[in-house]
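Student: Sequence:
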Amino acid sequence: MAAVHAPTGRAEQLRRMSDLAEMAARGTRQVVFLSGPAGIGKTTLVEALTSGLSGYRQVAVEGAPGERLIEFAAANRLLQTLRAGAGGGRTQQKIPGDSTVLTAGGALIEAVDDFKADQPLVLLVEDAHHVDTGSLRAFGFMLLRMPEERVLTVVNTEHVHQSRKDMGFVRDRPGTTHIELTGLTRAETRDVLAAMSPVPVSASRLAVVHRWSAGNPLYLRALVHAATTGGLLPENPAHGPVPPSLTQIVQDWSTSFPSDSTCALQALAVLGAPADLPVLQRLTGSSTVTDAVEPLIREGAARWLAVGSGHERIALIHAGQGDALYAGIPAAQRKRLHRRAADVLAPPEHWRHRIAAAESYDAELAQQLRAEVGTELSQGDSSLAAQYLLGIAEVDPDGAARSTALLRAVRLLVVSGHYQLALTHAPRVLATAAGPERSEVLGFLEVARGHDAGAAEYLRMARRGYGSDEESAGRTSAELASVQGSLGIGRQAVQAAQYAIAHSSDPSVVGQAQSVIAFASALLSGPAEALRTLSHLRENPTEVSVHDLGSLACRGILRGLSGQLHGALGDLTVVSRRKTPGVARRNDFGAVIHAVAARMLLGELTEAHRMLSLALDEAQTMGRETDFAVLHSISASLAALQGRWSTAQEDLAEVRSIEAASDFSGPYFHLVQSASTVAFARQEWHAVVDPLARVLHEPAHRGRARIYAVWALPQLGVAFARLGEADAAEDVAARLEQLESHSALTAVCTAWVRGNASAARHDHRAALRHLRDGLAVSSDGGEPALHRAMLRCDYGRLLIESGDANEAVRQLTQASAKLREMGAAPLEAQCGELLRRTDSTAGISGAQRLWVSLTDREQDVAKLVGQGWTNKEIARELYVTTKTVEYHLRHIYGKAGMENRRQVRDMVQMLR
2 MAAVHAPTGR AEQLRRMSDL AEMAARGTRQ VVFLSGPAGI GKTTLVEALT SGLSGYRQVA
62 VEGAPGERLI EFAAANRLLQ TLRAGAGGGR TQQKIPGDST VLTAGGALIE AVDDFKADQP
122 LVLLVEDAHH VDTGSLRAFG FMLLRMPEER VLTVVNTEHV HQSRKDMGFV RDRPGTTHIE
182 LTGLTRAETR DVLAAMSPVP VSASRLAVVH RWSAGNPLYL RALVHAATTG GLLPENPAHG
242 PVPPSLTQIV QDWSTSFPSD STCALQALAV LGAPADLPVL QRLTGSSTVT DAVEPLIREG
302 AARWLAVGSG HERIALIHAG QGDALYAGIP AAQRKRLHRR AADVLAPPEH WRHRIAAAES
362 YDAELAQQLR AEVGTELSQG DSSLAAQYLL GIAEVDPDGA ARSTALLRAV RLLVVSGHYQ
422 LALTHAPRVL ATAAGPERSE VLGFLEVARG HDAGAAEYLR MARRGYGSDE ESAGRTSAEL
482 ASVQGSLGIG RQAVQAAQYA IAHSSDPSVV GQAQSVIAFA SALLSGPAEA LRTLSHLREN
542 PTEVSVHDLG SLACRGILRG LSGQLHGALG DLTVVSRRKT PGVARRNDFG AVIHAVAARM
602 LLGELTEAHR MLSLALDEAQ TMGRETDFAV LHSISASLAA LQGRWSTAQE DLAEVRSIEA
662 ASDFSGPYFH LVQSASTVAF ARQEWHAVVD PLARVLHEPA HRGRARIYAV WALPQLGVAF
722 ARLGEADAAE DVAARLEQLE SHSALTAVCT AWVRGNASAA RHDHRAALRH LRDGLAVSSD
782 GGEPALHRAM LRCDYGRLLI ESGDANEAVR QLTQASAKLR EMGAAPLEAQ CGELLRRTDS
842 TAGISGAQRL WVSLTDREQD VAKLVGQGWT NKEIARELYV TTKTVEYHLR HIYGKAGMEN
902 RRQVRDMVQM LR
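Our numbering numbers the first residue of the sequence shown as 2 and each following residue consecutively.
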């Protein structure tokens, strides 16, 4: 077989089919049932197979929906093709419709024999689910009577169980293979989109598209062909129109099932959610809904979904399938199904279907929805209130009331984090009459787009327009302050927040404004100073009121940025589990991001990676594009520390694409910071210094430079020192000392930079003193494990240069063990390289190396074992239980590869 490029994601399936073709060529008949939903790539895979086959005769027959009730229609077409290919020497009689399967199969066997002569044959049965039953039975009979013929038959079908049953291949027989094609992975989806469109797809958009399409190439092609000007895919396909080409194909596919099954599919599409069988029965009006559902489950058109102990619902396979099915249902039938659903379901689903079923304006329904809006807002459910307001915007007979409802709905959608859904209503918002409400909502839509500069302009306009309406002006000013804080313009943010406090009596608005004042203070004076503005908050974060959650989020973020890592995690954990009102709800997202960063600084890289994965998933439904810039920046830094270089580069590429479309400087700052961390992990010092030093000094980034100083300055200072720029490194150390932070993180980082700066001056005595000071810092606020381990590694390096190889090995071994525990592979490798420079540990024994890997308590236990003490005597001496002594011994055995206490005693005696 000639080398053939496999379709994306189908290399393994192509290999299997190629192997089966070779087996058939050697004289063992092979039948392959190739199954999967419409558009999954069955035909493309078969084309790849046949293009690579040489020396085979090929013949194909395709099912036609219009012939499904015509007995032997497909068999006759195949018979005609075979006879024509064999030279047409025999009479061209057709198989009569009243023939037996024996007669039809016999005619096919004879025709195949003449056609293939002495060559192997590939017989393709395309769209077997559209082939009439008589023909399938005849094909099956033919193949069963040809077990030793050199024939590969590929049956391409969307209803594999029914096709196998009709052909007599229900049970697995020798020479029979079933290959089921499923959706492409996310990475494969990216490759397919890249091949079809020149416009790169961001990771966030890719995730949404993949989830909507389940990786089905048909749905991906439809999206690309229907893409906006410039080839840009929609942010979320579920919020836009379904491409007509896709609707038609999916509609044709759905009608290939029995009519009751097609009705069940349509009902599921209208429901838009998994359904119980009784609900489905009432919607379809079928008394045999179980029988209707069974073919859908069997053929992979639907699935059972467990929703509790012993309870299941039926669901469609993916969202794109439901959207395409829904678009293909005639309007009258859709409304009829919505009316039935409204009669069956309780709120809130009841109201959604009432709205969708409305034939015209309905004042009574609009009034009922207004009452529901009030109820949901009183219970804090902004997103559901927004859905009801959108319903009012559809059914209220009063045009002005419809516009007001629309503007309120879009505002609430942004407030509750449903950014993409809000953006789908942007054209309708633009069509409303000019006024402060419209300007405010346009500002919110700019926030949803991640265009904070544009949002600030609209919100300023809205605040002016509200004039004497102090509550609305105060609310808008609080949102303006949040945006200005995001833009890094601290003084303007403080002024807007103070205006909000002076003009609003809403505690949520006041709380939001107070949190902005704290963050803006950090932009102006640094985190330590800003924390003083939050002294009114209770120390226990669980006791903070809901209106102060924005301030609590800010306190947690600022604590983390000043090195108070444990306090930061306490605050941020509480915030991430509760909902923050207003656009300050973005603080919820910031809480997760900064909690990840705190875990990294504590050396808990595995936990940081787990939390980051959850944050990325949450961002798919609740995040802005600029949120992904920060997430991928953190992800790039974490990946570099763990040695996942390709992931780090992919993340940086993602941030670059987002930064290029942003209208403010925040994403660029985070891009430079994360790229510098990646370069630092690779010890590429110029790549650290050049961009980071520049961005920290640019006026546009001055506020962010103050806030993120404890993250950015240490690696900048060390990189300067490694390049021999001692003065620049000293300047960085001085800036660290000015942070007014009393945490261990700041003290360790300052000592680390000073030690490297002294080393750059070749003052090893001062360098060692500074680094020893850093190792002696107590763990106030949380142990800065990552930076202390890097400091210890540099301490070992300088000890080698000072000639103290024994102490160098001890320090490097401890650093290496800590970095290994963290999973910081590149940094551990750097320690390992320094250890190899000590000339095979410079006489330090394996026992010494093992000893420094033990914890302090394990060393205490080992020392007493070395003196011959029993477990009971050790427990009494150390004021612990014998179980605890046994626990420590097991750990010692594991680390040392030992089996008994005698070996521990021998090790201790060797060290004396």
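Heads up, some of the hints might be wrong.
[Unchecked claim] In silico DSBU-like pairs for lysine-lysine, Cα to Cα no more than 30 Å straight-line:
1) Lys95 <-> Lys166
2) Lys873 <-> Lys884
3) Lys864 <-> Lys896
[What the hints assert, rightly or not] Estimated spans, in silico, between C-beta atoms of each pair:
4) Ala830 <-> Glu608: 39 to 47 Å
5) Gly169 <-> Glu608: 53 to 61 Å
6) Asn541 <-> His763: 44 to 52 Å
7) Gln368 <-> Asp344: 32 to 40 Å
Just so you know, the hints here were simulated from the structure itself, not pulled from any lab data.
It should be emphasised that the depicted structure is a prediction, and the values quoted were computed from it without experimental measurement.
Note that CB positions come from ideal geometry on N, CA and C, so glycine has one too.
Student: Indicate, hint by hint, whether the structure satisfies it.
Tutor: Hints, verified against the model:
1. Lys95 <-> Lys166: With Cα atoms ~25 Å apart, lysine 95 and lysine 166 stay inside 30 Å; holds.
2. Lys873 <-> Lys884: holds, 9 Å
3. Lys864 <-> Lys896: With Cα atoms ~16 Å apart, lysine 864 and lysine 896 stay inside 30 Å; holds.
4. Ala830 <-> Glu608: 39 to 47 Å: With Cβ atoms ~22 Å apart, the hint is violated.
5. Gly169 <-> Glu608: 53 to 61 Å: holds, 56 Å
6. Asn541 <-> His763: 44 to 52 Å: Once the Cβ atoms are compared, 51 Å apart, the range 44 to 52 Å for histidine 763 and asparagine 541 holds.
7. Gln368 <-> Asp344: 32 to 40 Å: violated, 20 Å
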